[in-house]
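Peer 1: Sequence:
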Amino acid sequence: NVNSSAPFVLVTGINGFVASWITLGLLQQGYRVRGTARNIADASKTTHLVDMATQYHGYIEFIEADLLMDAGWDTAVADCEYIIHTACPVPSVEPADPNEVIKPAVEGTKRVFQAISRRQIPPLRVLITSSGTTMAFGTSCDNKVFSDEDWTCTNSSKYPIGSYPLAKTLAEKAAWAFVAALPIQKRFELVSINPTFAVGPLLSNQDCTSASIFRKILLSQIPGLANMVFDMVSVVDIAKAHLAALTHPQAAGKRFLIHSTQITMQQIAQVMKDEFSSHGYTPTNLLVPDWILRAVALSGDLEVKIIVPVLGVCRQMDPKNMRQVLCLQTRQDLDAKGLVLEMVYSAIYWGIIPDRSRDKTLTNTYKVPYFDLSVGTPTGSSSSGSNGDVDASESVRMQLQELQRKVSHLEGLLLSNKDTNGLREKETNMWKMITVTVLLALLA
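Numbering (this note's numbering), first residue to last: 10 to 453.
If you are wondering where the hints come from, they were derived from the structure by calculation, not from laboratory data.
Honestly, I wouldn't trust all of these hints.
To be verified - Heads up, simulated BS3-like pairs for lysine-lysine below, C-alpha to C-alpha not over 30 Å straight-line: (1) K376 <-> K54; (2) K153 <-> K346; (3) K112 <-> K346; (4) K369 <-> K119; (5) K376 <-> K167; (6) K225 <-> K376; (7) K182 <-> K195; (8) K119 <-> K195; (9) K112 <-> K54; (10) K112 <-> K225; (11) K182 <-> K112; (12) K346 <-> K369; (13) K182 <-> K329; (14) K54 <-> K369; (15) K195 <-> K153; (16) K112 <-> K167; (17) K119 <-> K263.
To be verified - Using C-beta positions, here's what the derived DEER-type ranges look like: (18) R127 <-> L295: 53 to 61 Å; (19) D151 <-> I193: 22 to 30 Å; (20) D151 <-> N48: 21 to 29 Å; (21) S13 <-> D310: 48 to 56 Å; (22) S165 <-> Q325: 32 to 40 Å; (23) R365 <-> D51: 23 to 31 Å.
We treat Cβ as the ideally placed atom computed from N, Cα and C, and that holds for glycine.
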């Protein structure tokens, strides 16, 4: 039942929290999916993805590839019309050596992009899953509203940043610089998606950074709470943003901050206490002064050191491009407290947080939520169901724009390749691709 003409999308680091949700959306919309993981022999990392493909009668395959090794990447990027690069380490503690995070983030991005540049025909578009931390760190937050145009300052002595925002900023800058330096015939469209702290339902029993933080608070695995604010957004909104930016004609060359709401660590603990104290949980509730945490970090505690740069910081963030270009709004059904509870209930269900309720009531009564991630129909594929964000006429218009963009892309490659050998063969193959694309659009 798989549509062999549907666009092929590569998702790097496909078993991650955000990447799994992106994959779900791709399969819902009829894309064929290829994913990379460091160890595809470990079925526990990919079983939930295979189950998704089965549920939506979709196609999925896996390639083993590591950000720090060359092997596998040429195969991974081959024949994919679209590439979504999500793979990046997310530390739960500040590493003793920042390069433990920076090296795979930056070198891994370059390695993926180098493999893409070796292709004879570039992909239509590449998305890099960056971070909101690349826009709003390393500078004063006073009277400042951060948006898509802002960049984190990586060398501020007054406002030092941790290894993760540094790694993400350097990796994203490396991506933009790489594409800008390519010869025109090798160049491809680049888009960066920059979400803040990702929360939401889990799709498997694999742990992630946000679930780990919530677990430590709920189980009192940390002695106290820090004076810090979480800028956060639902993983559902992050996935929708990726799907929309994949083909939106005006998304190319832009950065998209994906942000919804804020909540303090103390508020998170209070929400958990109100909701789960009757089920045998006693969340951490002691607020630790900033000066104590700074002293603990100086003593060498890497788990505390990672939060020191954000102590007492409250940022104002405006995701203008998300609203104005992609025409997306974040979820309105849940506020910040609701988003926290949604993730905690999910983590209990999947066993990431132990169920302390009587007779496992929390696990047994949990209903796995369904989300329609549709944002339009991919060119060359068919999908059923309603479209919550784009009406039928708008969907057709976007498909026609995408078709025109593909044809222009291929025509540009023809013109740029006139000084290379084998021109006649390349022209023939290019026009065959254009003809097939047009025919598929007319038959759809």
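Peer 1: Against this structure, judge whether each hint is valid.
Peer 2: We went through each hint and held it up to the structure:
Proposed proximity of K376 and K54 is supported: the alpha carbons are some 22 Å apart, at most 30 Å. A threshold of 30 Å between alpha carbons decides the hint, and for K153 with K346 the separation of about 25 Å falls inside it, so the pair holds. Restraint check for K112 and K346: the C-alpha separation of about 35 Å exceeds 30 Å, so the hint is violated. A threshold of 30 Å between alpha carbons decides the hint, and for K369 with K119 the separation of about 47 Å lies outside it, so the pair is violated.
A distance of roughly 48 Å separates the Cα atoms of K376 and K167; the hinted pair therefore is violated under the 30 Å criterion. Proposed proximity of K225 and K376 is supported: the alpha carbons are some 24 Å apart, at most 30 Å. With a C-alpha separation of about 19 Å, the suggested pair K182 and K195 falls inside the 30 Å cut-off, and the hint holds. The suggested pairing of K119 with K195 holds, with an alpha-carbon distance near 15 Å, which does not exceed 30 Å.
Note on K112 and K54: the hinted pairing holds, with a Cα-Cα distance of about 23 Å set against a maximum of 30 Å. Between K112 and K225 the alpha-carbon distance is near 28 Å, which keeps this suggested pair within the 30 Å criterion. Only pairs whose Cα atoms come within 30 Å are accepted, and K182 paired with K112 is accepted, the gap being roughly 14 Å. Only pairs whose Cα atoms come within 30 Å are accepted, and K346 paired with K369 is accepted, the gap being roughly 23 Å.
A distance of roughly 20 Å separates the Cα atoms of K182 and K329; the hinted pair therefore holds under the 30 Å criterion. Taking the CA atoms of K54 and K369, the gap is near 25 Å; set against the 30 Å cutoff, the hint holds. Between K195 and K153, the direct Cα distance comes to roughly 38 Å. Violation of the 30 Å bound is thereby established for this hinted pair. With a C-alpha separation of about 25 Å, the suggested pair K112 and K167 falls inside the 30 Å cut-off, and the hint holds.
A distance of roughly 19 Å separates the Cα atoms of K119 and K263; the hinted pair therefore holds under the 30 Å criterion. In this structure the supplied range 53 to 61 Å holds for R127 paired with L295, their Cβ-Cβ distance being about 55 Å. One distance hint, 22 to 30 Å for the beta-carbon pair D151 and I193, is violated here, with the actual separation near 43 Å. At roughly 46 Å, the beta-carbon separation of D151 and N48 lies outside the given 21 to 29 Å, and the hint is violated.
Take S13 and D310: their Cβ atoms lie about 54 Å apart, and the range 48 to 56 Å holds. The supplied range of 32 to 40 Å is broken by S165 and Q325, whose beta-carbon atoms lie about 19 Å from each other. Hint check: R365 to D51, Cβ distance near 29 Å, so the stated range 23 to 31 Å holds.
In summary, the structure is inconsistent with hints 3, 4, 5, 15, 19, 20, 22 from the numbered list given earlier, while agreeing with the others.
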